[in-house]
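Q: Spelled out, the chains give:
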Amino acid sequence: AQSVTQLDSQVPVFEEAPVELRCNYSSSVSVYLFWYVQYPNQGLQLLLKYLSGSTLVKGINGFEAEFNKSQTSFHLRKPSVHISDTAEYFCAVSDGVLTGGGNKLTFGTGTQLKVEL
Amino acid sequence: NAGVMQNPRHLVRRRGQEARLRCSPMKGHSHVYWYRQLPEEGLKFMVYLQKENIIDESGMPKERFSAEFPKEGPSILRIQQVVRGDSAAYFCASSPEQAAEAFFGQGTRLTVV
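Residue numbers (this note's numbering), protein chains in the order written: chain A, 1 to 117; chain B, 1 to 113.
Hints in this document: simulated from the structure, not taken from any laboratory. We put the beta carbon where it would ideally sit given N, CA and C, even for glycine. Careful: at least some of the hints might be erroneous.
What the hints assert, rightly or not - Residues from chain B that keep clear of chain A, each with C-beta distances beyond 10 Å, as calculated:
{"hint": "1", "residue": "Pro8"}
{"hint": "2", "residue": "His31"}
{"hint": "3", "residue": "Leu43"}
{"hint": "4", "residue": "Gln50"}
{"hint": "5", "residue": "Lys62"}
{"hint": "6", "residue": "Glu63"}
What the hints assert, rightly or not - Per label pair, the in silico range of CB-to-CB distance:
{"hint": "7", "chain 1": "B", "residue 1": "Gln81", "chain 2": "A", "residue 2": "His82", "range": "44 to 54 Å"}
{"hint": "8", "chain 1": "B", "residue 1": "Arg14", "chain 2": "A", "residue 2": "Ser30", "range": "29 to 39 Å"}
{"hint": "9", "chain 1": "A", "residue 1": "Thr109", "chain 2": "B", "residue 2": "Gly16", "range": "44 to 54 Å"}
{"hint": "10", "chain 1": "A", "residue 1": "Glu20", "chain 2": "B", "residue 2": "Gly73", "range": "38 to 48 Å"}
{"hint": "11", "chain 1": "B", "residue 1": "Val83", "chain 2": "A", "residue 2": "Glu116", "range": "22 to 32 Å"}
{"hint": "12", "chain 1": "A", "residue 1": "Glu66", "chain 2": "B", "residue 2": "Arg78", "range": "17 to 27 Å"}
{"hint": "13", "chain 1": "B", "residue 1": "Glu68", "chain 2": "A", "residue 2": "Leu117", "range": "30 to 40 Å"}
{"hint": "14", "chain 1": "B", "residue 1": "Gly16", "chain 2": "A", "residue 2": "Leu51", "range": "38 to 48 Å"}
{"hint": "15", "chain 1": "B", "residue 1": "Arg64", "chain 2": "A", "residue 2": "Ser3", "range": "38 to 48 Å"}
{"hint": "16", "chain 1": "A", "residue 1": "Asn61", "chain 2": "B", "residue 2": "Lys27", "range": "22 to 32 Å"}
{"hint": "17", "chain 1": "A", "residue 1": "Ser3", "chain 2": "B", "residue 2": "Glu63", "range": "38 to 48 Å"}
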C-alpha cells in the first residue's frame with residue numbers, strides 16, 4: 001500500500017518570493033512521482049513527473065522538484081512565484097505500472113498556494 | 001488531438017435519482033481511471049478499466065456505484081439513488097498502455113439536492 005503526505009494545507013507567499021511545497025510518500029516498491037496543479041473549477045494539469053534517472057526534475061511554469069529516496073520526499077519548488085501560480089497543488093505516486101495495475105494514482109490531500117502582492 | 005472529454009461539466013440531481021457521468025479518453029488511450037474529489041479533500045481512486053474489462057474497482061463504494069467502458073463509446077460512471085454525500089467532483093483520466101502518465105479531464109461536478 002502507498003500513501004502520500006502533504007504537510008502543509010495552505011502556503012501563503014508574496015509575489016516574487018521562493019516557495020517550497022512539501023511531499024512525503026511511503027511505498028514498499030519503487031514508485032513514480034507526480035505533481036499536479038488544479039486551478040479553481042478546473043481539472044488537473046501535470047506539472048512534472050519523476051520516473052527514473054536524474055533526481056532533479058524540471059517541469060512547466062518554472063517549477064522543479066527533487067526526488068530524495070532516503071527521505072522518501074518529492075518537494076516542489078519555484079524560485080520566484082507569480083500571482084497566477086495561486087492554485088491547489090497535489091502530489092501523487094504510482095507503482096501500478098510495475099505491479100500490473102496500470103497508472104493508478106494515490107494523491108495527497110493537496111496544498112493551497114496563495115500568492116499575495 | 002483532443003484531450004480527455006467529460007460531460008456533463010455540471011450535473012444536478014435530486015436525492016434518489018440516477019447520475020450518469022461520461023468520459024471519452026484521449027485518442028489511442030485504452031485505459032480509463034475514475035477519481036472522486038470530495039470538498040476540501042484530495043482525489044481518491046475509484047476504478048480502473050480497460051476496454052470491456054474492470055481491472056481494479058477497489059475504490060468503488062459497494063452499493064449504488066458502477067462503471068463500464070464498452071468496446072464502442074465512452075466510459076460511464078453510474079450512481080444510482082444518489083444521496084447528498086455523493087456530491088463531489090468526479091474526474092476521469094486516461095493513459096496509453098505501458099505509460100506512466102495519466103491525462104485528466106476537467107471533471108463533472110455533481111450536486112445532489
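Q: Checking against the hints above, which ones are violated?
A: 2, 3, 4, 8, 9, 11, 12, 13, 15 and 17
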